[in-house]
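Enquirer: Based on the provided sequences and hints, a complete structural model is requested.
Chains as they are written, first to last, in this note's numbering: chain A, 417 to 796; chain B, -4 to 287.
The set of hints was computed from the structure by calculation and includes no laboratory data. Every value quoted in this text rests on a predicted model; they were computed, and no experiment measured them. Don't be surprised by glycine CBs; every beta carbon is placed ideally from N, CA and C. Take these hints with a grain of salt, some might be off.
[Stated by the list, open to error] Coverage of chain B stretches by chain A, computed from C-beta distances (three or more under 8 Å per stretch; other residues unrestricted): (1) 125 to 133; (2) 151 to 158.
[To be verified] Negatives, chain B to chain A, calculated, CB over 10 Å: (3) Thr49; (4) Thr64; (5) Gly75; (6) Glu179; (7) Pro202; (8) Glu230; (9) Gly258.
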Amino acid sequence: MSVSVAEERSVEAGHSLSVGTRNLSGRHRSANRWAWLFLSPFLAVYVIFLLYPIGQGVFMGFFSWDLLAIDRREFVGWDNYVRMFWGENMTWDPGHLLAWRICGLSILLPVVVAWQRRRISGVTTTWLSLALVGIFGVAMGFHPAEGSRWLDSQFWLAFGNTIAFVLMSTPLIVGVGLGLALALNRAGRWVGLLRTLFFAPYVLSVAVLTLIWAFLLNPQLGLIGALTTWLGQEPISWLTSTSLAMPAIVVTTLWWTVGFNVVLFLAGLQDIDQSLYDAAATDGAGSLSRFWNITMPGLARTTLLVLVLQVIASFQIFGQVFIMTRGGPNGATRVSIQHIYEAGFRDFELGYASAMSVFLFLVMIAISALQFRFQRKAES
Amino acid sequence: MTISLQPTRGSRRGHQITPRRLRRGLFLGVMTVAAMVWIVPLVWMFSLALSSNTALQTTTTSLVPVAFTLENFVAVLQGGLTPRWLLNSVIVTGVTTLLTLLLSAMAGYAFARIPFTGKRIVYPLVLAGLMVPREAMIVPLFLMFAEADLHNTYQALILPRIAAPLGVFIMTQFMAAIPLETEEAARVDGANHWTIFWRIFLPMSVPALTALGIFTYILTWNDFLWPLVSATEREMFTITTGLASLQGNFAQATELGSLMARGVVASLPLLILFLIFQRQLVRGISIGSGNK
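Expert: Listed below in structure tokens is the structure:
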């Protein structure tokens, strides 16, 4: 690559010497050539390793494609998707999962409407609302009739666990992040050191994280077991309990990643105009009033950004559960990426794994679209 | 432990204790305790790693090493595959970071400083890549490298990582903010784009490059799913997947010390880098997520 750039450079240099005044179109052509030279290395890897796999993934989703016989693929149409979403003897019932559907709609719909009114996001409210009604009002009413099964019950189990992880981890990690940022938003060397300590776990790899926490949570060997014993309780076997394993993973993740959110919130706090606080202080506003009327509105954009990033990150949870519990006990912590991983690389069903990836991809892209708008806004 | 004494010393330095001072002291005290609790798991890992395996048979809950020894580290670095995994990680992460920086800077320069036809199509296309969740692309990527027979190579671990639209975004932002005069002076002297890029813009972009570099380094070092899928031969594991492969069954609890020593070896390079480049990393996170 560097060779061809060097050649181009000498050609260009020769040109500018011989042709003193270049016409506009000539300069334009030269600019184009330079631009594509600078871009081509990146664009090459971008197209090959990012854009092309998307298309390839969608394509593979329509095939039965065995990892052990890569050349023998068979077109199966929508079969993979049917296997994912459908069950035996499907029925539609307005009362199925009613509580979840009402909760989902009553939380998400007002959020969408509020966005539109505050013009934080330009995504069309109508489409978002329609999608929400479609998912919660209609789609979630389908289920296999009494005594029948989903074609792939593991898919729904894993997706449900992923959603559960997102719902548990997002408020916790964002909330604790905000609290820590507010507490640490002041000058001083000592506060700087505290920030460093809270942030440090973020640089650990997932394997180190699980190494520490699997033993920390171990009832015989770990510190938490010792603490419970000291408090006069029987040590709890967190990771082998179907009800406690996922919360334990959530706490592990909180410890690992909250520093990231603290950093973003601190940056957001720094952006709030200091003179607002001074003015409020002159007006005799108390610290609580200042918090509600200045800090919270000033952090609205950052909070939304952190929320979106956290949801995206939580959806992709894999390493923690894969190493600490292998999805157990009894599938209680099995998550979507793990299901895809095992379908593809343990059961060798690349086509089915691709179809599930496409679904996860669409879910996450819908959420990322929000983040994308921030990126664009930051750019302009 | 000496650290926690510092605030007391600070408040003693003042001659009188005002309510404001007291509140501040109290706040710092509470936060310090919280931070200490926060860091306990990390301290525990170091403590176990520095304890002898036999002593750990009786107690594992000490925050200071029991029967202090360095034998775990010596054993880990001398035998087994851990040194090889460490080397793999250093090579893969180093090359990935350098290539990401170079490619992002070049593309960023083109987007920020060269007017060219098609920019309005290509740049949004690159930005759209920011939305693509990598974890969901594992299967097609795996097939691609399987067909090219490239699994269990460094190329396979590096190439998918350097297609990083985030780097291009950061570098474009940064280079677009550099004043026009810097470039014009060079242009009058007859310098071409490559010279301007290499001699002027690259050196001027060091702050952005450091932020992007440290961020990329950490993400790549800690990458888990792709190395897990692509590098299946034990010799080609990275330290992250290698360490993960040693966990899972609790039978090795008898060698808790050596296991934790591997954890320390896997995280120490990053912890040191983090302490040196903390500010740049924080900046990188802030810019990279579109917050600033």
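Enquirer: Grab the minimum beta-carbon distance between Glu179/B and chain A and tell me whether it stays above 10 Å.
Expert: The assertion about Glu179/B holds, with a minimum of 15 Å to chain A.
Enquirer: Hey, does Gly75/B actually stay past 10 Å from chain A on C-beta?
Expert: 16 Å, holds
Enquirer: Is the nearest CB of chain A more than 10 Å from the CB of Glu230/B?
Expert: 17 Å, holds
Enquirer: Was Pro202/B rightly flagged as not at the interface, with every chain A Cβ beyond 10 Å?
Expert: The claim stands: Pro202/B keeps its Cβ more than 10 Å from every Cβ of chain A (closest is about 16 Å).
Enquirer: Verify this for me: three or more residues of the stretch 151 to 158 of chain B with a beta carbon less than 8 Å from a beta carbon of chain A.
Expert: holds (count 4)
Enquirer: So is Thr64/B really clear of chain A, every C-beta pair being over 10 Å apart?
Expert: Holds, since 19 Å exceeds 10 Å.
Enquirer: Taking beta carbons only, do three or more residues of the stretch 125 to 133 of chain B come closer than 8 Å to chain A?
Expert: Satisfied; 8 residues make the cut.
Enquirer: Checking the smallest CB distance to chain A, is Thr49/B really beyond 10 Å?
Expert: About 15 Å separates Thr49/B from the closest Cβ of chain A, which puts it past 10 Å; holds.
Enquirer: For Gly258/B, is the shortest CB-to-CB distance to chain A above 10 Å, so the non-interface label stands?
Expert: At about 5 Å from chain A, Gly258/B fails to clear the 10 Å cut-off, so the statement is violated.
Hint 9 from the list above is the single one not met by this structure.
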